[in-house]
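Participant: The primary structure of each chain is shown beneath.
Number of protein chains: 2
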Amino acid sequence: MDKKAAAGKNVFWEVLERKDVFTAEPRIKISVERLKLPDGRIVDDYYRIQLPESAVMVARNTGGKIVMSRQYLHGFGGVSVVLPAGRIEKGEEPLHTARRELLEETGYASEEWMPLGSMVPNVNYGCGRVYFFYAGNARRVAKPMSGDLEDMEIILMDEREIIQAIKTGRIASVGTITALSLAKIFREKSRC
Amino acid sequence: MDKKAAAGKNVFWEVLERKDVFTAEPRIKISVERLKLPDGRIVDDYYRIQLPESAVMVARNTGGKIVMSRQYLHGFGGVSVVLPAGRIEKGEEPLHTARRELLEETGYASEEWMPLGSMVPNVNYGCGRVYFFYAGNARRVAKPMSGDLEDMEIILMDEREIIQAIKTGRIASVGTITALSLAKIFREKSRC
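Chains H and W are the protein sequences, given in the same order. By my numbering, the letter at position 164 of the first sequence is numbered 1224, and the numbering carries on one by one without gaps. By my numbering, the letter at position 150 of the second sequence is numbered 1210, and the numbering carries on one by one without gaps.
Note that these hints are calculated values from the structure, not bench results. As the structure is a prediction and not an experimental result, all values here were calculated from the model. Among the hints, a few may not be true.
Identical copies carry no separate label here, and so any pair may be met within one copy or between two of them.
Stated by the list, open to error - Subject to a maximum C-alpha distance of 25 Å in a straight line, what follows is the list of computed PhoX-like cross-link-like pairs (lysine-lysine):
1. K1069 x K1203
2. K1096 x K1069
3. K1203 x K1125
4. K1203 x K1089
5. K1079 x K1089
6. K1150 x K1069
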């Protein structure tokens, strides 16, 4: 914990008022907050962006390869290699989303799931919390049928191939790189 | 490159129309696109979120420690350890932002900069491109004076401490973890 917080000094910003200024249900909500900082300063217009929460899955098959997909990503503006990921439906447990989306997008299933934590993509605006998961000994049990707009190709990559793809810019998603990094760090702890 | 793209099949989505539906200058712009997918399907309302671009810096000091800051992050909702980062001003070169913000936020400077690529935080919406940089042999040359709203504490961490902080949830920023991961991967290539 932060030293100052531990010393009893308040570090939190107080929300004096929050007003929704744009909504595109169920995807996007933008609010403006009026804030009071710990030193008493007032901030009149601090924007927050609410987006759907999502799950990103690092699924390792029985041969030690990671299940990924190669697809056109409109927000990226090109073809990139990404981990399977999906939107958490309202009220859905993130682990349930992870299992469901891994199966739908890739046809893979696993009985060895490990949560890798959750984070917001933008520490100021927020932009939709992302939950990261690792799935060990994943097996292909079905044909993929994601229903997503994207036309995707499932590919299997080992660690060396992933590092090469990152170095050459073929993996260009912060969610994918964060998830791979977390999986490596947490697996080294747990030997899962 | 994607096999299908290499085979001449178009994978790109065509933007038939784009309409701005919300603007909070100079920070946020939301547009809705009408798209035509390669298979001919029409998507009427694909949202895009434009946010300011930013730079995230992995600065390693002469003793091999990474320069980080511990601060309250309102979008995260608590105190977290993050890499120095800052907004790219209009027309500014990302590397210039990286040098400027590292100095302003932390008081450190470096003469050994290496770009680590750039990515969008959200492969659907976009949400502001992030440029990643590594700075070697960084030295403290000034007192930090960021002018940011956040009350931050500069801390130096070695790799073991960083991994421990990630495992215990004290580093909760996808930008920070992605930048650290990229720095490790690219430094192993270049021996910078």
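Participant: Now tell me if each hint is right for this structure.
Facilitator: Against the structure, the hints:
{"no.": "1", "hint": "K1069 x K1203", "result": "between (55 Å within a copy, 23 Å between copies)"}
{"no.": "2", "hint": "K1096 x K1069", "result": "within (15 Å within a copy, 54 Å between copies)"}
{"no.": "3", "hint": "K1203 x K1125", "result": "within (18 Å within a copy, 47 Å between copies)"}
{"no.": "4", "hint": "K1203 x K1089", "result": "neither (35 Å within a copy, 39 Å between copies)"}
{"no.": "5", "hint": "K1079 x K1089", "result": "both (10 Å within a copy, 18 Å between copies)"}
{"no.": "6", "hint": "K1150 x K1069", "result": "neither (36 Å within a copy, 36 Å between copies)"}
In terms of the numbered hints stated before, the structure departs from hints 4, 6, listed from lowest to highest.
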